[in-house]
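Q: One letter stands for each residue in the lines below.
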Amino acid sequence: MGNEIKRISTPFTKDAVKSLKAGDIVNITGTIYTGRDAAHQRLVDTLKEGKALPFAIKDSIIYYVGPTPAKPGQVIGSAGPTTSYRMDDLTVPLLEQGLSGMIGKGARAEKVIAGMKEYGAVYFGAIGGAAALIASSIKKSTVIAYEDLGPEAIRELEVVDFPVIVVIDSEGNNMYDTEKIKYAR
Amino acid sequence: MRDIHVQEVTKAVKEMCISANYHLGKDVYKRLVLSEEREESPIGKEILNNIIKNADIATENEVPMCQDTGLVTLFIEIGQDVHFIGGDLNQAINEGVSQGYQEGYLRKSVVEDPLKRKNTGDNTPAVVHSSIVPGEQVRITVAPKGFGSENMCKLKMLKPSDGQKGVEDFVVEVVAIAGPNPCPPIVVGVGIGGTFEKAALLAKKAMLREVDDKNNNEYYAEMEERLLEKINNLGIGPQGLGGRATALTVKVEKYPTHIAGLPVAVAINCHASRHEERVL
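Chains as they are written, first to last, in my numbering: chain A, 1 to 185; chain C, 1 to 280.
Worth flagging that the hints you see were computed from the coordinates, not collected in a lab.
Any given hint might turn out to be false.
[To be verified] In silico DSBU-like cross-links for lysine-lysine, where the CA-CA straight-line distance does not exceed 35 Å: (1) C:K230 with C:K198; (2) A:K71 with C:K26; (3) A:K21 with C:K116; (4) C:K11 with C:K118; (5) A:K14 with C:K53; (6) A:K139 with C:K198; (7) A:K6 with C:K53; (8) A:K111 with A:K71; (9) A:K111 with C:K230; (10) C:K198 with C:K214; (11) C:K254 with A:K140; (12) C:K116 with C:K230; (13) A:K182 with C:K156; (14) C:K254 with C:K214; (15) A:K111 with C:K116; (16) A:K182 with C:K154.
Just chain C, same shape as in the assembly (with noise of 0.2 Å):
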């Protein structure tokens, strides 16, 4: 049993809050170059130059890369052999973050209620995804993810019967429907199968992946592969202005589901896919 303090917890979750609003990943960076170098339609390159330059900016200057700093989504893998002390978990999360979007001058982006819509003005409260796995160790995922590219996210339950056709078509629907909104070139996380909400989840955290990183399953790595060439076939290209680049990267995840079921999430996310990740 290892006992370890919630303010730990605190401390971790602000500085990840603050500096993944500042500093684009080095995978995303790196990818967006080689966007650049490929790209062939000129105001897209441009864009993309554009990109780039912007995050070497906010990195220079220690600025938010966005003015949309997002709401705060927060992966928590817990051991089961950890003790946490010194207070509630929930609260010294939230504390972090309202920490990170105060000290950080990022943007308060969360109303308190949906329909009366009051901002909280501290960008609390985050949400929260907790899960349990071996071990005495503590591993925190921080993505604050902007709306322009949450809005653009969507779910269907599909039939058995539409299989990989249906599936495929379904997530080219979703980014050609989305157009130049969510920000593109875009991520996209696709979940499949599970439930209705095991779906989305596996979506969000199929974009948490490394841009390189392949799909260890052959058959959906070459998914992936297929996937990202019919939305860049798309033509929608660097913020929708036509071009190749539409998307960075496309991650796939699955989940056994029920002998009656196919559902399929498709989340988008802009061009800083903005997240960190630290071990406790």
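Bound-form chain A, shown alone (with noise of 0.2 Å):
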């Protein structure tokens, strides 16, 4: 994409967070959790509850994901981001435990943003239906919480090289505001 590739590797501290800034293009490797709709409302659920939660948070990174079943032999299925806003409203809680970034597609609402600008994080954008190109870097994937929620369940992924871009960074700048103005006629 014309730019260098910043390569982070996880845990996703606060200091490489205030390093990236929006698009720039990011390779992860390390270890992320998965988890979407039903396991955010689980995660917000347990944390009203004052329990701990089923992994560590600070600086940790969440994949907005429901993978297909793995075909016998893969790792994992096909596995590209989910579209984000539907986890907006339970964000913020995850943001004041530590949450450094998240990895999903579309648009984030105003309050997730400032809850990024105020705790410090980043949300990287992954290619939406990219889904088969994108399982290639996940080289392990485990089941840690929530199997019942089958696809939604939150899975512990070994990536390496996972390719992103930075849409928001910990500034609140946003590539959804300020790139389509450019090929606007």
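Hints are included, so try docking the two chains, each in its own frame, into the full complex.
A: Here is the structure:
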């Protein structure tokens, strides 16, 4: 994409968060966690009950995805991002707990962006629909919570050079606002 | 009168569910390649390149292009001289969906009750639209559609005085609001006229037309061209990160309506626009 690829690894510390700017092309290596609609509801309910979350959320990255079932011999099925706004009402409590990165596709609510600025977090975009391509950067997948949710269960993923773009950075710069103007007629 | 065993329907539905999820339509593929060539945004170009690469990988490895393998919308045109034998046609259709989603390793994304939300486990039931036509053939179209794009569809009952401008403004507004969410570059289907539900159905059917297909009504062919230009002038671009390819194509279908009404439905599909058709 013209730009140099920035490489980050997990844990995704607040220093690393601050080093990334909207428009950066990033490859992520390390451990990330999957979570979408139903899992987010349970995570937030768990926090409300004052209980511990099923994984260490500080400096972590959550990927909004519900993969297809793995074929025999596959680590994971196709695994592209789902639309992020459905998690908007359930995101700020996780940012408060130290969540540093979210991977999804599509717009985020103002309150999420405000939370990202306050607590220090980055919103990454993965290419929606490029699920077979993205799956090739996932090397290991283990269900660690909410197995009953099937595709919505929380999985721990080991990824190598997982390709994303910084869409909204920790200062609130948002490519969805800044880029379309350049190509509008 | 021609007898068709419902097992034939099951088999066809099963195969189409799998195939539509593994293989990008040739017409869509061709248009994506063209869009990549023309894209002015470097990041947009790269995204389109990755989308094409993804389609190649999915075909080669026989895996789903997208993890959201959709809820199956199925259109079935039944020749009036056809007699189905061997069981219940609706059950046979859903049996095909169930087999396809199990055997094809497709994601089961259907919940039994929209509020209680328990997964049905086999992606059934499909949403089936049937119609009776002359002849003794059966035409089945399977369109598995993800909800990233489905959630962005809208319908509005306009006033007759809103006219062509009102219709076009609404279509562009719906696409602008959808922004990056439905996985642009999108396919847009517009249904104008009929009733509340007819407009939605027309919009869905419009999206099934071949990408290169031109409306055979000159007025609506021009509208399709104009809408495509207006939509691409929004600058939303691939994945909403800016660029010229916001939509791959816009298709419009119309139907007679009431003197007091002007229903308009806008259906949005993602860049894969998955569907397959077969005639039995």
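Q: Indicate, hint by hint, whether the structure satisfies it.
A: Structure-based check of all given hints:
1. C:K230 with C:K198: holds (25 Å)
2. A:K71 with C:K26: holds (25 Å)
3. A:K21 with C:K116: violated (41 Å)
4. C:K11 with C:K118: Cα-Cα ~27 Å, so holds.
5. A:K14 with C:K53: holds (34 Å)
6. A:K139 with C:K198: Since the Cα atoms of A:K139 and C:K198 sit roughly 47 Å apart, the hinted pair is violated (cutoff 35 Å).
7. A:K6 with C:K53: holds (22 Å)
8. A:K111 with A:K71: With a Cα-Cα distance of about 39 Å, the restraint between A:K111 and A:K71 is violated, given a limit of 35 Å.
9. A:K111 with C:K230: holds (31 Å)
10. C:K198 with C:K214: holds (22 Å)
11. C:K254 with A:K140: Given pair C:K254, A:K140 is violated - Cα atoms ~50 Å apart, limit 35 Å.
12. C:K116 with C:K230: Since the Cα atoms of C:K116 and C:K230 sit roughly 41 Å apart, the hinted pair is violated (cutoff 35 Å).
13. A:K182 with C:K156: holds (30 Å)
14. C:K254 with C:K214: holds (14 Å)
15. A:K111 with C:K116: Within the cut-off at roughly 28 Å; holds.
16. A:K182 with C:K154: holds (27 Å)
The structure shown violates the earlier hints numbered 3, 6, 8, 11, 12.
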